[in-house]
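Please arrange chain B with the ligand on chain A, whose structure you already have, making use of the hints.
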Amino acid sequence: MEDINFEELKTNGIKINYYYVCKRKLWLFDRKISMELSDRMILGQIVHQESYKRDKPKEVLIDNLISIDIVDNLNIREVKLSDKMALADKMQILYYLYYLKKLGINKKGIINYPRLRKREFLELTEKDEKEIEKTLIEINKILKSEKPPPVINSPICKKCSYFEFCYA
Amino acid sequence: MARRFYINSNGRIRRKENTLYFEREIDGEIEKKALPINDIDSIYIFGEININTKALNFLAQNDIPLHIFNYYGYYSGSFLPRKKNVSGSLIVEQVKHHIDNQKRQYLAISFIEGAVYHILRNLRKNGINKDDYQDIEKELFPKIFKTKTPEELMAIEGNIRDKYYQLFNKIIENENFYIEKRDKRPPSNPINALISFGNTLMYNTVLTEIYRTQLEPTISYLHSPQEKRFSLSLDLAEIFKPFIVDPIIFSLINNQVISLNDFDTDLNYAYLNEEGRKKFLKAYEEKLAKTIKHRKLKRKVSYKQLIRLECYKLIKHFIEDEDYKPFKAWW
Ligand code: SF4
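Line order of the protein sequences matches chains A and B.
Under UniProt numbering, the first sequence has 123 at position 123, and the numbering climbs by one with no breaks.
Under UniProt numbering, the second sequence has 187 at position 187, and the numbering climbs by one with no breaks.
So here's chain B without its partners, still in its complex pose:
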């Protein structure tokens, strides 16, 4: 199965005939590693890399996106090869679902419904006392279905998320990682750094999946298309952040895989250092490769494929084939 390649060191990506190489200098020697083009889903670059157009053209030929991050693991941008899967009629339908308020709200609510389902699932699976999240489950969650605008919905979601992050402290067994408040830009402490990094990865993974379908990533429903990002990716990532990213964070901390040593001390532990990033990426990769038997497909699918299936369900919704229902981990 094609996988993501994460490049953490400095070097050069070079194409030689039909092979892509990653080269780096170690003690004055050039180390050359072939990247098997058919096994690459996408490339994530955290190091300082030289790449030329010959290599980029090769990536484009093979439909491989390249996501670039700065030294702190902060997302800078992507090289997305020209989209070959385009469907004008699907874009028209996507737009129709955006400009019709009711249709837009239906999808916006669905994404939050998927998100909150997995938030509650995390709380339950981590043995949090039901009384502690009663308010999320019984008060706030039912309210999302009555909202009329994305703003109203986002406000309730924000409330749920605050309460959820407070409960992180009951799940996390290391007080260095307790959460006081959630800060995004820039993250201000280790737990915020982990959440931000994980969410960024999720955004890019979802974007890669959307990109492989005919969906237009700039037309979104929960988030405003005015965002300076591919906002449909933000929409879908809502469902997968609590399903994929949060459990990784809990396990990295509670199994003592990650400690304060994995953060940049100069910057107040607000960023993972290279070691920390590698640990996170390894766990992330393992998580995406996990499989589950799909009830309808009756086949094993990886967690990553579940994201693709979500894209398909959206397309089916747009072409009036089947109403969209958000993914809810059923096990």
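Looking at chain A on its own, in the form it has when it is part of the complex:
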């Protein structure tokens, strides 16, 4: 896996996140087949907005594609409601770090879990970069497919906003 065509494969953070949560969710989301906001998601947004108020980071939108909270010279951050999807959340912020690096900017990442009073610190490693590139290629393949990937039948389905859709 030499150089990937980043310009062609780049995508937004939520898709990287969904890739690690459920590939079907990724596909449906990409086709704009979304569900009404569930209470949980609304709560997530509120938590996000509230923690904004406290220590106003700067939100920058890059290429109309990814929106990043810049905390200071060194760090970017994401705010998450729970750590149930820790891997997906971690990959999402690593992807932002990767994206910035492509633009010649080197940063470190923080995931804030205000409700758990917990923070996680992240740095982009070479291994992470390889993983992200592999993921970008995979995402591209999935989204090109005519049909959605199958239902995953996982315990996470029960809390997913697509639950009724997938199991109807």
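These are calculated hints, taken from the structure and not from any lab test.
It should be emphasised that the depicted structure is a prediction, and the values quoted were computed from it without experimental measurement.
Note that beta-carbon positions come from the ideal geometry of N, C-alpha and C, so glycine has one too.
There may be inaccurate statements among the hints.
Sample of chain A residues at the chain B side, in silico, Cβ under 8 Å [what the hints assert, rightly or not]:
no., residue
1, P148
2, I152
3, F165
4, A168
Relative to chain A, chain B with the ligand alone:
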């Protein structure tokens, strides 16, 4: 759970800050009732109502459709907030399923299959002798699967429906409500008035559900999209009319909840009056709120949610995820 609000009296809907109020005058006093915005699924207006754009904007923000009926409970139109759930790629798929004759027929047949299943279920549950509906079950029903065009299908469906309505007279225990023939526009007697009113409600309930998904309500399969209505709603309503509306009619009549007094005498009993409408709406609301344990979801779902699930199944059909099979009450 969000519910439908039915407004039968005259008055005004007003927004004050983040609350919606319904105000009406009673003996010179203004009575004010707050409508809890988060609990409203949709609003049905039968009275004479004043509403301004501030209130409409508020409804739009909260994705709440407003359905308007005239004095006789006849549907006039809807205020549908701008659809936020749109999916261009899904509309493309919906169109593909319309212009391909075979694909279109598959769906058209499925809707009628769902309808006839519930028609037969009603007959069975109401103790009608099997011999009396043999012809529906054994002759006409199997024929729908061989039809090649929606017109052919509609013709058989019309036949089934005629026979079905004849059997209404064996279910109904009050001869004031016997059916002679089914007249739609305008309805000509009490039983036709009940059927028309119930079907109109069903159409609007289905429309509200479709509206909450990415489905495009004007692209339909059984009904022609040339209809001057949201014809996908007519398609899906076929399945739910005999499942939800007809049993309400039987029970309202047979339990003597509704009598001729609930109809407008001046108009030959062809329309429900306000009292009658309220009784019907109450029964309708109770029916939609009824729940059943869903076999696949393994959760309790309301009858109203079953309509939403049907929309999801259609979407899954369009995106080639899972072939659509019509809902059939399994209990
Ligand atoms: S319900 Fe399960 S299969 Fe469906 S999108 Fe959610 S996680 Fe994926």
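Evaluated hints:
no., hint, in the structure
1, P148, "holds (5 Å)"
2, I152, "violated (13 Å)"
3, F165, "holds (5 Å)"
4, A168, "holds (4 Å)"
Hint check: a violation occurs at hint 2 only; the rest are consistent with the structure.
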